[in-house]
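Visitor: First residue of the sequence shown? That's 696 in this note's numbering, and the numbers climb one at a time after it.
The reader is advised that the hints may include incorrect statements.
[To be verified] Taking lysine to aspartate or glutamate and the DMTMM-like style, the derived pairs with C-alpha atoms no more than 20 Å apart in a straight line are: (1) K881 <-> D810; (2) K763 <-> E745; (3) K881 <-> D717; (4) K881 <-> D850; (5) K881 <-> E816; (6) K881 <-> E721; (7) K763 <-> D717; (8) K881 <-> D749; (9) K763 <-> D713; (10) K762 <-> E745; (11) K762 <-> D749; (12) K762 <-> D702; (13) K881 <-> D848; (14) K881 <-> D899; (15) K763 <-> D749; (16) K762 <-> E816; (17) K763 <-> D702; (18) K881 <-> E757; (19) K762 <-> D717.
Quick caveat, the hints were computed from the structure, so don't treat them as lab data.
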Amino acid sequence: MSALWVDVRFARTDFSLDATLDIPGEGICVLLGPSGSGKTTLMRLIAGLERPSDGVIRLGEETWFDKKGTSRARIDRPVGRRRIGIVFQDYALFENMTVAANIGYGAPRATRAADVAAWIERLDLHGLETRYPSQLSGGQRQRVALARALAADPDLLLLDEPFSAVDAHLRNHLRAHLMGLAAAVKKPVVMVTHDLEEARQVADTVGVVCNGRLNRFGLTHEVFNDPGEHAVACVLGWRNLLPLDSFDDDRLAGAWGQIRLGPQAPFSAAHGAAWVGIRPEHIELGGEPGTGLEARVVRVREMGAVRELQCRLMDGRAIFVQRPWNMPLPAPGEAVWLHLPAPR
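Please model the entire structure based on the sequences and the hints provided.
Guide: So, in structure tokens, the structure goes:
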């Protein structure tokens, strides 16, 4: 198992990137961010498809890139010598080659037949060996692309939004395949996506990229539960972001009102700015008037296992509350009191 160390700067006239990553030697690291944030550029720098302005890229004991400041690069290993497997959004299969030939393209000649058979078995591609990419479904093409990347026995697997072109009902199936593969090969996997559900489902670690900067990196549950910055919270889908005038151990207050906290109430305060983020599922309804945050219900929306209330606060700001589908809820127009209980 070889950990991936990335500490790079990249600059061009219209864009710059600054990122430091220490990715474990196995498991899936997801780079998450909006379009144009720099997440794909960061992956391309790791692959050697783009050259950093300066920095270091190292996998285990092997240095792939090393350049400081304005000096010439001391090390710049070409992409073909970095032993990486890459799967792009459009799969990039060889259209004139069969499934078996595509999978075996980068495999060692001595073990090619056995490797192809093993990956066909592992990715459930039996019966497709002699077909061409044009004869495959989107899900089948994606599995062939994964098999081809892994059959070459890479030290690192890079995935650029690999499931974005696949129908929604196939995505969970392919994500499960990916998690199983990552556990089996025990090598680092770096995956780019803007899909929050996908990141939550497959990632062991998450890096959030905003405007050319890696703002947050860590274990998935830590990053999602404590974004640390307003920009990161927005990327991670924290819709209840409230500006703070003051806060202490048992109270949050702003122009929108105030809310009292139970012991260790679940919320995240953004560093460097007075904002608080509260997840819709962490807010409870009830209590006597004056005992919580005053709001008025605007609408109720069915969301499968939960129902969501959109409420309006004193300053006109929207706040969202999610409750189990079978709980009685107030009707639109009714006043409610919101509070944050202690974790159960």
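Visitor: Each hint should be assessed against the structure and marked as holding or not.
Guide: Verification of the hints:
1. K881 <-> D810: holds (17 Å)
2. K763 <-> E745: holds (16 Å)
3. K881 <-> D717: Answer holds: K881 to D717 is near 16 Å, not above 20 Å.
4. K881 <-> D850: holds (10 Å)
5. K881 <-> E816: holds (19 Å)
6. K881 <-> E721: holds (5 Å)
7. K763 <-> D717: holds (19 Å)
8. K881 <-> D749: violated (30 Å)
9. K763 <-> D713: Holds, at about 14 Å.
10. K762 <-> E745: OK: K762 and E745 at ~14 Å, within 20 Å.
11. K762 <-> D749: holds (5 Å)
12. K762 <-> D702: holds (11 Å)
13. K881 <-> D848: holds (11 Å)
14. K881 <-> D899: holds (13 Å)
15. K763 <-> D749: Distance of about 5 Å is within 20 Å: holds.
16. K762 <-> E816: Cα-Cα ~43 Å, so violated.
17. K763 <-> D702: holds (11 Å)
18. K881 <-> E757: Holds, at roughly 18 Å.
19. K762 <-> D717: With a Cα-Cα distance of about 18 Å, the restraint between K762 and D717 holds, given a limit of 20 Å.
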